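Chemist: The lines below spell out each chain.
There are 4 protein chains.
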Amino acid sequence: MQLAMIGLGRMGANMVRRLMKDGHQCFVYDNNKENVDALVKEGAIGATSLEELVSKIEKPRAFWFMIPAAITDKVINELVPHLEKDDIIIDGGNSYFRDDRRRAQELKPKGIHYVDCGTSGGVWGLERGYCLMIGGEKEIVQHLDPVFKTIAPGKGSVAPTPGREKFQDTAQEGYLHCGAAGAGHFVKMVHNGVEYGVMAAYGEGFGILNSADCHKKKREVDAETAPEMHNDLDYEIDIAAVAEVWRRGSVVGSWLLDLTAQALAENPDLSNFSGKVSDSGEGRWTIMAAIEEAVSAEVLTSALYARFRSRKEYTYADKICSAMRFMFGGHHEKK
Amino acid sequence: MQLAMIGLGRMGANMVRRLMKDGHQCFVYDNNKENVDALVKEGAIGATSLEELVSKIEKPRAFWFMIPAAITDKVINELVPHLEKDDIIIDGGNSYFRDDRRRAQELKPKGIHYVDCGTSGGVWGLERGYCLMIGGEKEIVQHLDPVFKTIAPGKGSVAPTPGREKFQDTAQEGYLHCGAAGAGHFVKMVHNGVEYGVMAAYGEGFGILNSADCHKKKREVDAETAPEMHNDLDYEIDIAAVAEVWRRGSVVGSWLLDLTAQALAENPDLSNFSGKVSDSGEGRWTIMAAIEEAVSAEVLTSALYARFRSRKEYTYADKICSAMRFMFGGHHEKK
Amino acid sequence: MQLAMIGLGRMGANMVRRLMKDGHQCFVYDNNKENVDALVKEGAIGATSLEELVSKIEKPRAFWFMIPAAITDKVINELVPHLEKDDIIIDGGNSYFRDDRRRAQELKPKGIHYVDCGTSGGVWGLERGYCLMIGGEKEIVQHLDPVFKTIAPGKGSVAPTPGREKFQDTAQEGYLHCGAAGAGHFVKMVHNGVEYGVMAAYGEGFGILNSADCHKKKREVDAETAPEMHNDLDYEIDIAAVAEVWRRGSVVGSWLLDLTAQALAENPDLSNFSGKVSDSGEGRWTIMAAIEEAVSAEVLTSALYARFRSRKEYTYADKICSAMRFMFGGHHEKK
Amino acid sequence: MQLAMIGLGRMGANMVRRLMKDGHQCFVYDNNKENVDALVKEGAIGATSLEELVSKIEKPRAFWFMIPAAITDKVINELVPHLEKDDIIIDGGNSYFRDDRRRAQELKPKGIHYVDCGTSGGVWGLERGYCLMIGGEKEIVQHLDPVFKTIAPGKGSVAPTPGREKFQDTAQEGYLHCGAAGAGHFVKMVHNGVEYGVMAAYGEGFGILNSADCHKKKREVDAETAPEMHNDLDYEIDIAAVAEVWRRGSVVGSWLLDLTAQALAENPDLSNFSGKVSDSGEGRWTIMAAIEEAVSAEVLTSALYARFRSRKEYTYADKICSAMRFMFGGHHEKK
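Chains as they are written, first to last, in the working numbering: chain U, 120 to 454; chain R, 120 to 454; chain P, 120 to 454; chain X, 120 to 454.
Just so you know, the hints here were simulated from the structure itself, not pulled from any lab data.
Model, not experiment: these values are computed from the prediction.
Treat the hints with care, since some could be wrong.
Unchecked claim - The calculated DSSO-like cross-link candidates involving lysine-lysine, where the alpha carbons are at most 30 Å apart (straight line), are: (1) K431(U) - K204(X); (2) K337(U) - K395(R); (3) K227(R) - K335(U); (4) K152(U) - K193(U); (5) K337(P) - K337(R); (6) K431(R) - K336(P); (7) K395(R) - K337(P); (8) K193(U) - K229(X); (9) K335(R) - K395(P); (10) K337(R) - K431(P).
Same shape as in the complex, but just chain U (with noise of 0.2 Å):
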């Protein structure tokens, strides 16, 4: 079927690659013209505004935002004036789940339909398929079901889940209908909760590898410096080859283990990396969804944390801490 790309970065470009070759006609637009052009010479229709983009594909249109969540709602507001009814919008960005509901709501009178598509799948999407997580009306969704068949990754290598066959929905295929408008979005914000989690899983562990080897340098003797119960970790782990052995047999093999692997293959110290994380809304969202469902989240709340803390020098909670110390305790800082 005919699909209208805005946003043609990273993502949004292989995206259309992907429904091109499974015979999708793709008409695409970004603000970089370059962006357009290299498309262009893949066999998609490029577009120069979007109303160019608008005049060129047939009715009913659909198009499909892949631009960062802080201008959606700037492009939306571009685009609708040359929508009519029963056009779609799809947000395959980050978008926060109560934006959806209020764009869905907004565009109804317009009778211009919204759907919510959460897109997971990096940089390897074009070749791995992206999982889609869906928000939105049940028509509309099942109207775009063959974009959404070719983008996400399909049956593939991955073993059927014994005790799956009687479920009739499209889990299986890596796409999903969640529910009803921002429930994809919802859906996904979590997914990047969890994410969070267990990338800190795995660095948090393999900093304990990393420092098995802490008795090797000599400690300090005073009043301010924890004593030592022991001094025999004395352990040179190989972090690398950790890494790749659990990858095989072990409880704790994944796709993000397999990348880890993979970049310490590559750069055995990380020395490619300050330590600076950042984070790009959806697990601050998670939190504040946990909060706001009186569920208690520790896990993802100290992976979003860790983030912070990551990006700066000091706290001003470890300066009050020191100063506290310093009045109660005449302790001087270490240097």
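Given the coordinates of chain U, assemble chains R, P and X onto it according to the supplied hints.
Modeler: Relative to the frame of chain U, chains R, P and X by itself:
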């Protein structure tokens, strides 16, 4: 080669099967005679006592222990009087790494070699192979290589890690000599710590999805109840389907997720489980190691604490907080 | 000066008493007529409706709300039609700071001034005075200074802070103008967040003391139970006595500890409490603010989550972990 | 009575002063002769060696150690050859409770008594007295009562706890016999764990207030940056004033808050501190004890980990997360 297996529970018995299938000759012993008999029927050579076990196998003898960590020392003490110089004890259980160091030290004057072998794979190991993390003397570990190679998963269908071709270790076969005595169990200990963290990350995420309909329930309006800021959490997420869809193309795909999807396919409301989660030692030791190393491990610790908490109806800490609230604010507990 | 109090619960009634004792003239209203009558007997001027309340007090009128945050907007909407330019609404409850900002904005065109006043002190405020954290327009806050001065504790017997003589604010009297609309409740919100953290710190500490005899109990020896590394935790600590001794000379002395010591003196085994700990909103908002600021707040978040957890028999996260353990290891839950 | 003090640092010297002021006869020793001389000038009897110290004091002799925990065993070993049956060693430092148990056991055959005495009070103890948490044999602790009574704060100006009149212990005087050998340091250990938690709670709260102006700063709009949900955090909170106002009438008043207010009055921007926070052992042991007891201690653990983190520029865990993000999403770290 010849190997004696002591302890024929879930894991020990399957390791014997895996070894025999690959042509090794296995001598088996267990407190429970039925366990011995079952394997004898499959081709193993049984023994009714440790002494008999020792007498049957050729020198230098190798004894693999697959028993609860709490009784390992006891069984070593029973076995050692029957051993001679150059015999080998392999502890495949979940021993504390400092116990390994001590045992290696204690057995050294007798010329007996001690190898610690952290083993992951659970009930699936017969089919998938067991991931092995090994500590001990280099020559002894090399001598046992045929056994490790058989028990480990091998390269199998897991894709090779790009960039890892140049490495000369056995990690790609699923087993790894991690260092001197204790190093194997140290790495396995951290493995389990990571396992707790990854499990809790999924658990919390699914928990947030599970409460995504919380605003459908009526809530009280009084000074004791946090006022609602929103009223739109009305999603009824099909969690079994989400677990399934995340298996394909998403960043959080993993073997633990595969198993979760299977558990949910078979028992969608998890009614088989009360939520009391055991911990078997290695998670605790991981945190203790982190603290000795002065490495923060928020995520792994929270995962451990959630298990502690799951086994209690209430905590003393909660009672203290409840008592304080009554004292300063006259707040009475909600029923 | 004259002041109208709306809401005569635990805190509102005592604030009226404190004001009258210091010579202010108080006009009082509450849904519950008995609460009004009680204060009329003590000298307040009662009203049976908001309209009557407005009619009795002199202009410019000041109305102090001491009601649950969840109904504040409703009562404002009922009151405002009776108000005139230059009247003042003071919200002494636990409103969300963004509601304050909105209300101040909405009331501005009508010439009505809005002041938010975070109030700490609980049932002890009549005697100790209430700590006041105030947000709003500078002139209005100054106009209300006589009221704040009376309600606040004053210098009292608390020792002056060395080095603070040079500061010209009212902080030493126990009340503070923190900034524009919402600033008062923002500071009060964080105050409550800190309160949760401090309470939980004591709670956990006493919890560790309470289990210091754990090795006196027999434990199981099996692969599902963490093996003991020590067997010496046989202390039976008198927790009430510890709370008492920490009150003198120790670093952790505090008013919350004083109250804990009192609770334990009266009810040493805390049998009056089940451990279900409510949260009333400000703890949640504190964490949400921390996340918006990208400031890690591990301790305050854990304190909040412990409250969530205290009100549940089990969590879904725990069930997921339990299900995983069964799937990979055949582990059955302990009874 | 007579008492020998070994270790004349900040705390030891002031304890001698407090003892002499109350009529006790003090014998003093320190590696640093200047410390001895200073106290001799104030009336103490000095010694230039442990042997000389022992020779001067009357039997049964009591030796109070006020030295770093890491060297306690060494000094005990030097002292013991000069001691006789019925002599007493009191360890007032921060020893691990299991070292106390071992020492008591080792000294028992010699008839030497060992008392562990956790001591809180810091540089303020001379004036305020020291809170003492004592472990050891009942008769020995009673024999030393006059010394404990002097060093402890006594009832002082702290209000008695209602309901505590009926209790017959010395807790109201600021010292407490907590149990057998190690019990004193166990309680002191937990005290310090609580101290970490309370400090961190304040630290985090003030940190959130300190960033309450975060929306005044321009933020980037790209897929790597969490999009803003609000733009109104524009409060410039006077944190020193908030610390001061919370001292009066609020729920979070405490001695640590008093000291924080003082530190902020003297150095409002905390420019004297870099935020590197030491930990001296007892916080770590508290968490280890919690884990042994299977008691969750999220808050105290987070407070400890924040200290670990404060002393590092980056963590290995952060680097691993950063590497993963690059691998799956092509995300490059922010500069």
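Chemist: Checking against the hints above, which ones are violated?
Modeler: Numbers 1, 2, 5, 8, in rising order.
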